[in-house]
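S.K.: Below, each chain spelled out in residue letters.
Number of protein chains: 2
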Amino acid sequence: METRLVVGDAERLRALLEAARGPTLFLVVAGATETSTIPGISIAGPSPEATVLTPTLDVEYLVAGRPVMLDVVPVSPEGLPTPAVITRAVLSLLDSVGYAAVDAGCKFAPRVPHLALPPRRPGARIDEGPALPRGTAERLYRAAKLLGETIARGHSLVAIGETIPGGTTVAAAVLEALGHGGLGRVSSSSARNPHGLRRRVVEAALRRLRRGATVFEAVDEVGDPVHVSVAGLAAGAASVGARVLLAGGTQMAAVLAILRAAEPGALAAVGVATTPWIIRDESSDLPGLVSEIAPGVPLAYTEFSLASSRYPGLRAYEQGYVKEGVGAGGALFLAAARGFSQEEVLAAVEAEYERITRGQGDAADRG
Amino acid sequence: METRLVVGDAERLRALLEAARGPTLFLVVAGATETSTIPGISIAGPSPEATVLTPTLDVEYLVAGRPVMLDVVPVSPEGLPTPAVITRAVLSLLDSVGYAAVDAGCKFAPRVPHLALPPRRPGARIDEGPALPRGTAERLYRAAKLLGETIARGHSLVAIGETIPGGTTVAAAVLEALGHGGLGRVSSSSARNPHGLRRRVVEAALRRLRRGATVFEAVDEVGDPVHVSVAGLAAGAASVGARVLLAGGTQMAAVLAILRAAEPGALAAVGVATTPWIIRDESSDLPGLVSEIAPGVPLAYTEFSLASSRYPGLRAYEQGYVKEGVGAGGALFLAAARGFSQEEVLAAVEAEYERITRGQGDAADRG
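Those protein sequence lines, which keep their order, are chains F and L.
The first sequence: position 180 = 180 (this note's numbering), numbered continuously.
Plus 367 on top of the position in the second sequence (first one is 1) and you've got this note's numbering.
Simulated from the structure, these hints should not be mistaken for laboratory data.
Quantities reported herein were computed from a predicted structural model and do not represent experimental measurements.
All residues carry an ideal CB built from backbone N, CA and C; glycine is no exception.
Each hint should be verified, as a subset may be incorrect.
To be verified - Label pairs and their in silico Cβ distance ranges:
| # | chain 1 | residue 1 | chain 2 | residue 2 | range |
| --- | --- | --- | --- | --- | --- |
| 1 | L | G608 | F | R4 | 31 to 39 Å |
| 2 | F | A268 | L | G389 | 21 to 29 Å |
| 3 | F | S308 | L | R577 | 55 to 63 Å |
| 4 | L | R647 | F | E354 | 44 to 52 Å |
| 5 | L | G632 | F | V72 | 53 to 61 Å |
| 6 | F | R4 | L | R677 | 54 to 62 Å |
| 7 | L | G655 | F | E49 | 56 to 64 Å |
| 8 | F | G135 | L | G389 | 39 to 47 Å |
| 9 | F | G129 | L | Q686 | 52 to 60 Å |
| 10 | L | R647 | F | S239 | 49 to 57 Å |
This is chain F alone, in the form it adopts within the complex:
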């Protein structure tokens, strides 16, 4: 597989690819925002109310191979699997990459071993009131930075993914709050990007924002626990000499915006790795966001296709469903850096999809 630079500095991308061949740690930051329960905002769950469980189930599946809190298959009724299937499949190939989930504020703590970031509190609906109690964003940033400083030592690369349904809507609010155009430019887990609904939610959130709010005040008001934690982790890992791969889609633009405001020096160590499905998505604009917020920071995607999969649930990624999450784009980046082929990764993803859908009837049927 080839990794392609979309925007940013080619030399920095080469340094990230080189770092990905050395000691690498893969972290997935999980958290919830009640914003995802607004009908129409997120398809990352069987119902709007159930979307707040998805981060817990995602990381339980990533770590233990199955969701633990609920006995469910991490696949939608239409057979669409969580992108964690890609991440887990790739990690099964990359057996020298250590990995862990980080609970930055799940609604329910994962019932598998995980890194806990105090105060571990989910975000509220940003259209109704403050997302987080005052001071939480800064506290999370500092805790995440400390985690990066301690656990990233000795690693050449730390890849950081996310799982937070509703996170793209919150990302749009954070981007707007920090002076970057976010509305109309973030992606969605749905093939139809709900820009109109999202605009109403974000505008309701922004109306409460005090002029001159600091970055952490802005996140407390209109953010969520995940983006600020990813930013803190990145700053901490960079401070001990690791390169940092933000493994995600348009939510990582919010992370860059937080980092630019909080600790701009850390951006020199950072790149963004996403999936081809995000780059191809015409309803969002990650390249524009990255190049405006953090000029020079490389944005790359790895050429990988599910079009030839035997499974319709996997082929749906090529129709614009799901697109990214749980670090899938970063996992593909690592696989490419370490020389794995499209065929090897596809075989691993299909094998994992088969394993989790075994006995589930249609979901795993060849289409």
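Starting from the known structure of chain F, fit chain L onto it as the hints suggest.
M.R.: Relative to chain F, chain L alone:
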């Protein structure tokens, strides 16, 4: 500094020293047992009741440089510092060693980033009733093993320390329950080993033990959350190709006994690194325990002395106080493997002791 083999296979010790020069992860497993609140069992706290807070404070200090839950100095009224001072000082020298605390069952979750091992439940007084609800020990072992399998990937060595006041008393009970002589052979944080009191506590615990109990049933009844978690972590790390350094004193004999019963194949990857103060302690017998429980497993200590320290609180280690904990012996092992001298380590320990006792009056006075 030189690392000396006490018992076990010299070739395995050489392999551990070699592994300690590669990618190394340092974990400290923290948990509480109410057994430490029995007056006379533990001096690891300002009062018997307060000893259950010590693991939380120890790992907060290790990670953040100060206890967070309480604004205290991690030094006893007599100026005796927690052994975490040695560990933290050494980790400041070993800047490529990643580290993290693991909460296996603290009374209060650490208010710093940490690895959480569900179900995260402290142990009860073993003289009064079952230590853990039925099934907890096996659940912790499996969770810890999964953590080892995921986070240890890519590391040549994983060092695992512990902090659990009362842990030596519980270790004696676990050793006896698993058919090894533990009573009269475990050490104590006090210069006067409370063998008589400990015998009464352990015998009360053992009276409840069912004949033919499995290893996990035995830990549920007379154990604590820490030893079984260290064993699970060791098994998980070994299964992904890492060598494992059990960094502690006589409690690690209980870990070896659990591992021998649960997963004896993992013992081939394991060694024990302790302090010279444990080896010199005539009231305990770690060499005898290790050689009986796990023949061939190397037990080593690193020659390091606090006798020439300017501070009486540090010199007290040479009089048999504290002796070991929070991975201190393992930290010294890593420092020796990476070529640090007695002078460099002593200077780092004294600098750290000065930092934490600044403004504390006598504690930091030169003696």
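S.K.: Please go over all the hints and tell whether each is borne out by the structure.
M.R.: Here is how each hint holds up against the structure:
1. At roughly 33 Å, the beta carbons of L:G608 and F:R4 sit within the given window of 31 to 39 Å.
2. Here the CB-CB span from F:A268 to L:G389 is close to 28 Å, well matched to the stated 21 to 29 Å.
3. About 58 Å separates the C-beta atoms of F:S308 and L:R577, a value consistent with the hinted range of 55 to 63 Å.
4. Separated by about 58 Å at the C-beta atoms, L:R647 and F:E354 break the suggested range of 44 to 52 Å.
5. A hinted range of 53 to 61 Å for the beta carbons of L:G632 and F:V72 is inconsistent with their spacing of about 34 Å.
6. Against the hinted window of 54 to 62 Å, the Cβ-Cβ separation of F:R4 and L:R677 comes to about 60 Å, which satisfies the hint.
7. As the Cβ distance of L:G655 to F:E49 is approximately 60 Å, the hint placing it in 56 to 64 Å holds.
8. Take F:G135 and L:G389: their Cβ atoms lie about 41 Å apart, and the range 39 to 47 Å holds.
9. Under the hint 52 to 60 Å, the C-beta atoms of F:G129 and L:Q686, about 59 Å apart, fit the expected range.
10. Separation of L:R647 from F:S239 is about 40 Å and departs from the stated range, judged on CB atoms against 49 to 57 Å.
In this structure, the earlier hints numbered 4, 5 and 10 are contradicted, and the remaining ones agree with it.
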